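Undergrad: Given chain A, put chain B in place with the hints provided.
These protein sequences, in sequence, are chains A and B. All residue numbers for the first sequence refer to my numbering, where the first residue is 1 and numbers rise by one. All residue numbers for the second sequence refer to my numbering, where the first residue is 1 and numbers rise by one.
Hints listed in this document are in silico derivations from the structure and should not be mistaken for laboratory results.
Since the list can't tell identical chains apart, any single copy or any two copies may satisfy a pair.
The list that follows gives simulated cross-link-like pairs (lysine-lysine, PhoX-like), each with its CA atoms no further than 25 Å apart: (1) K190 - K107; (2) K410 - K21; (3) K420 - K410; (4) K335 - K105; (5) K335 - K21; (6) K21 - K396; (7) K335 - K420; (8) K442 - K420.
Predicted model, so just to flag it, every value in this text is computed and none were measured.
Protein chains: 2
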Amino acid sequence: MESIFNPSSVAVIGASGAPGKWGFGIFARLIGGGNDRPVYPVNNRVDQILGVRTYPSLLDIPGPVELAIIVSPPETVPSVMSDCVAKGVKGAVVVTAGFAEVGEKGKAAERRVVEMAREGGIRFVGPNCMGHFNTAADLMTAGEMTGVPRGPIACISQSGNFGGYVIWRGAQMGIGFSKFVSTGNEADLKLEDYLEYLAQDDETKVITAYIEGIRDPRRFFALARDITKAKPVVVMKSGRTSEGARAAWSHTAALAGEDAIHDAMFRQCGVIRVGEADEMFDIAVALVAQPRPRGRRVAILTGGGGFGVVATDACVRLGLEIAELSPETIETLNKYLPPRWSHGNPVDMAGTSNTSYGCMGTLLKAEGVDAVLGMSCVGSPSTVPSGPDVPDAVRKAAEYAEYVADEEAKLVDGLLERVKRHDKPIVLAYAPAGNESPAVRKLNQRGFFVYPTPERAVRVLAHLVRYGEYLASVGV
Amino acid sequence: MESIFNPSSVAVIGASGAPGKWGFGIFARLIGGGNDRPVYPVNNRVDQILGVRTYPSLLDIPGPVELAIIVSPPETVPSVMSDCVAKGVKGAVVVTAGFAEVGEKGKAAERRVVEMAREGGIRFVGPNCMGHFNTAADLMTAGEMTGVPRGPIACISQSGNFGGYVIWRGAQMGIGFSKFVSTGNEADLKLEDYLEYLAQDDETKVITAYIEGIRDPRRFFALARDITKAKPVVVMKSGRTSEGARAAWSHTAALAGEDAIHDAMFRQCGVIRVGEADEMFDIAVALVAQPRPRGRRVAILTGGGGFGVVATDACVRLGLEIAELSPETIETLNKYLPPRWSHGNPVDMAGTSNTSYGCMGTLLKAEGVDAVLGMSCVGSPSTVPSGPDVPDAVRKAAEYAEYVADEEAKLVDGLLERVKRHDKPIVLAYAPAGNESPAVRKLNQRGFFVYPTPERAVRVLAHLVRYGEYLASVGV
Chain A
1 MESIFNPSSV
11 AVIGASGAPG
21 KWGFGIFARL
31 IGGGNDRPVY
41 PVNNRVDQIL
51 GVRTYPSLLD
61 IPGPVELAII
71 VSPPETVPSV
81 MSDCVAKGVK
91 GAVVVTAGFA
101 EVGEKGKAAE
111 RRVVEMAREG
121 GIRFVGPNCM
131 GHFNTAADLM
141 TAGEMTGVPR
151 GPIACISQSG
161 NFGGYVIWRG
171 AQMGIGFSKF
181 VSTGNEADLK
191 LEDYLEYLAQ
201 DDETKVITAY
211 IEGIRDPRRF
221 FALARDITKA
231 KPVVVMKSGR
241 TSEGARAAWS
251 HTAALAGEDA
261 IHDAMFRQCG
271 VIRVGEADEM
281 FDIAVALVAQ
291 PRPRGRRVAI
301 LTGGGGFGVV
311 ATDACVRLGL
321 EIAELSPETI
331 ETLNKYLPPR
341 WSHGNPVDMA
351 GTSNTSYGCM
361 GTLLKAEGVD
371 AVLGMSCVGS
381 PSTVPSGPDV
391 PDAVRKAAEY
401 AEYVADEEAK
411 LVDGLLERVK
421 RHDKPIVLAY
431 APAGNESPAV
441 RKLNQRGFFV
451 YPTPERAVRV
461 LAHLVRYGEY
471 LASVGV
Chain B
1 MESIFNPSSV
11 AVIGASGAPG
21 KWGFGIFARL
31 IGGGNDRPVY
41 PVNNRVDQIL
51 GVRTYPSLLD
61 IPGPVELAII
71 VSPPETVPSV
81 MSDCVAKGVK
91 GAVVVTAGFA
101 EVGEKGKAAE
111 RRVVEMAREG
121 GIRFVGPNCM
131 GHFNTAADLM
141 TAGEMTGVPR
151 GPIACISQSG
161 NFGGYVIWRG
171 AQMGIGFSKF
181 VSTGNEADLK
191 LEDYLEYLAQ
201 DDETKVITAY
211 IEGIRDPRRF
221 FALARDITKA
231 KPVVVMKSGR
241 TSEGARAAWS
251 HTAALAGEDA
261 IHDAMFRQCG
271 VIRVGEADEM
281 FDIAVALVAQ
291 PRPRGRRVAI
301 LTGGGGFGVV
311 ATDACVRLGL
321 EIAELSPETI
331 ETLNKYLPPR
341 WSHGNPVDMA
351 GTSNTSYGCM
361 GTLLKAEGVD
371 AVLGMSCVGS
381 PSTVPSGPDV
391 PDAVRKAAEY
401 AEYVADEEAK
411 LVDGLLERVK
421 RHDKPIVLAY
431 APAGNESPAV
441 RKLNQRGFFV
451 YPTPERAVRV
461 LAHLVRYGEY
471 LASVGV
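Chain A with its partners taken away, still in its complex shape (with noise of 0.2 Å):
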C-alpha cells in the first residue's frame, strides 16, 4: 500500500498530449507536483509529452519504477500488467474501464488480471477507477483534481465521480483532505483494504467513505469495530433502494445488499452513516475539532425566534433533548440580553447579535447542557450600505461595521478556549454577514465549521452525540 500511496517512481502507461484525455489530466497533475519523483511517460506513439521524453514501452524506462498509472485503452492493459510484473513494479493505479461493469467478457479480462498481478507480487486500485492522491506526498493522480489542500480527512469512494463530487465541495468548504482513493470495480485491493491502511495512517483524523457494496461484509465489521474506537469512521452508503441496487450493479458490479442490514452493521460497529452528499463532509469536519458531547441535553442560541422554532424542531426529530435552562443560567443570560428575551430555551437573543459571545460561553458552562447549538451567533451583520453614491456619514458607519467585524474576530480565541475547558461541542449556523466576516473565516479554519442552515448543524450535532453515545456504550 505505500508504492501505491508514497511511491518514489512512477510511469504513467497511456499518457497523452492531447488536452482532455485523461492521459493528459493524470499526467499534468503528476509532473505539476513540487517534488523531485521522476514520473515517465509510456506512449509509443510521441516522442515528448510537455517537454518530457517518452518511452514506447515500461521496460524501456532506464530507472526503477515504483507506481504504475495504467490509463491505455482496456484491451492493452493485460499485457502492460505482464510488462509491470517484468519491470518489478510493485502497485499500479488502473483507470481504465471497460472490464467487470460491462459483463463477462470484461470480467474474465479482470480475473486474467488480477492472476497475473498476484503472481508478479503487484497489488492495484481499480480499475475502472478515476485515480487517487496523497496530498502529503504531493501525489495525484486523480486528474480532474487541482489545489487539494492538506488536511485530516480521508476519503474512500466507490464511485469516481462522488469521489470528484466530494473532493470538489471539499475545497469550496475549505476542507483539507490526506488521502483519497477511487476504488472502482476493486479487483484487487478492496474497501477493506484502504480502511485497515487508513486506520494506521497518522496522517488521517477521520475517515470518509461513499459506499456501493462491501463485498467481505464480515471483514468490514471487524475492521470498522476496531478502527470506530479510535478513528471515526463516516459513510454514505447508496443502492438503498432495489432500483439504486441495480444501477450500483451496472456501475462498478458491486452488490448493494439490504439496506436495513446495513444499517444495524453501520450501528453495532460504531460507523457514523449519512443520507446525503454534503452530510459527510458536515460532521467529517466536527468530527476533526469538537469535543465529544456527554449527553443529548442542547442548549439552542439564536439571533432570532425562527431559526429557534425550526431548529428545535430538527433536534427533537433527531432524538435530542431540549436542555432545562437552570434559574443562574437565566440570571446569567438576563445580564446580557434585554427584557424581552425568551427567558428559556432555546434563548431568543431577540434581535440583538453584540452579546451573543457571552451568551455562548454561558450556555457551554451551564450545568444541564451538553452541548450548545449558535444561529445568526457569529459574523456581525454590517448594518450600512457601502458603494461610491453613499454619503459620507454612511462611508463612516461602514468603516465602524468593519471594525466591529473585525473585533467580533477577537472573541473566537476565547469561545474557543471555553469549549475546551467546558469539554462541550459548539456547533454553528448561518452567519448574517456571510462567510467572508473575519470571525467565521476563523471559525472555519480551526475547524468549527459554521453551517449555511440549522438543519444541518442540527444533523451534526446528532451524529457527534450517537457517535459519543456509541463510545460510552463500548467503554471508551
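TA: Coordinates of chain B only, in the frame set by chain A:
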C-alpha cells in the same frame, strides 16, 4: 396594502444616527434608494441624520406622510400611532418589539394600538417585525438587507431572522425578489392578507412563506385553494414538534397547531410544503422556469455511476419512477456514448461529458420520459492546471479548456429550446467545474438552477411532479 408596499412618502419614527441601531439601518436603506420619494426622519434629540433634517414629531412634518415606519421604544408606540392617525397616515410598519410576545401587559398594549389604528383607518405590519421591501418601488425597510435584485419571487415570513436568511440565501443563489414582508406578531395585517395581496401582484410569480402559526386556517385554505391554481405557493411550516410549537409561541405568540393536520390541509389546497430552508428556494426558482411535468417517469443522465445510484435512491424514495428507455432511445444514445455506457436508465455516460447536451436532448424527446435529471452534465471540467509555473504546453491546454467552456455555453440555448419544444422539465445538479463556468451562469440566469447535490435536485423534481398532479386533479 398599496400604501404599505408602494407609498409616495415615508416617515421613520425612531430614526437614528447611530450605526448598529435599527433606526439607523432602516433610514439609511430608505434614503439609499434611487428614487425621489420623500423620507422624513423623526427624532427629537438630534437636528439631522445622514444630512437629512429631522422632525421632533410626525406632526411637525410639513408634507403628507403615506407610510410610517415605527422603530421607537415600545412604550412610545401608542402615542406614535395616535400621531399617525392625526397626520392622516395610511399604513405603518411597526418594527418595535415588546408586545404580545412578552406577556399579558404587552398583549394589552398591542390591542390598544390595533384599536387606534382601526379607528384611524390605518393598516399595519408587525409589531415585532423586521420590515419589508418592494424591489419594483425601490422601497426597503428590512435593515440588514442590501442589494436585493428584482425578480419574480415574493416571501412572507413569520420570522424576521428566517426572512433575513431567505434574502441572504437568495442573493447567494442569484435569486431576485418582488416583495418581502416580515409579519411579526400580526396584530393587524395577517399572513392571509399578504397572501391575498400577493396573489394579485403581477410582479410576483411564486409566493413563498415561512409560517409558525396560521391564525385563520379557514380563510388560509380558501385563499390558497384559489391561488395555487394560477400561482404556486411554497410553505415552510415550523413548530412541527410540541417543543418547537412551544418555541413558536414564545417567539411570535403563534399557535403552531397539529402538524399532521397542516400537512393534510396543505396537500388539499395545492400548497407545496418544504422541510428545510434551502428547499424553499430550490423549488421556488424551478416553479418560475420549468415546464410542468405530465407524469412521474424520470430519465437520469449522469457523468458517472455514483450519482446515478444516489439519484435513483432519492427518486424512488420520493415516489418518482425510473423511466424505461425504449430501444429507439437506447439506439440514439449509442450514437453519442462510448460502448461502455450503462445501456439503461440511469444513463451513465461513463466519464465522458462532451456529448451530454446531445444525450439531454435525446432524453427530453424520448417517449415514456416525463422529466430529465442531469448530473455532471453541464459545466465542462477544466482538465488542466493553471498558474505561473506550468509549462507552455499546459498553459495552451488551459486556454483550450477555456475555449471548450465558452463553446459549451453556446449549447445552452439549444437545450432550453428543447425543454420548451418537448415541454418537459430538466433538473440539473453538480457542475464539476463549479458554478463559474459560462454555461452554468447562463443556466442559472434563465432559472434552470444547477443544484449542488443530486438530492436537492431530486427533491425539486418530486415537488414539481406532485404539484403537476395536484393541478391535474383539480382540472387545471
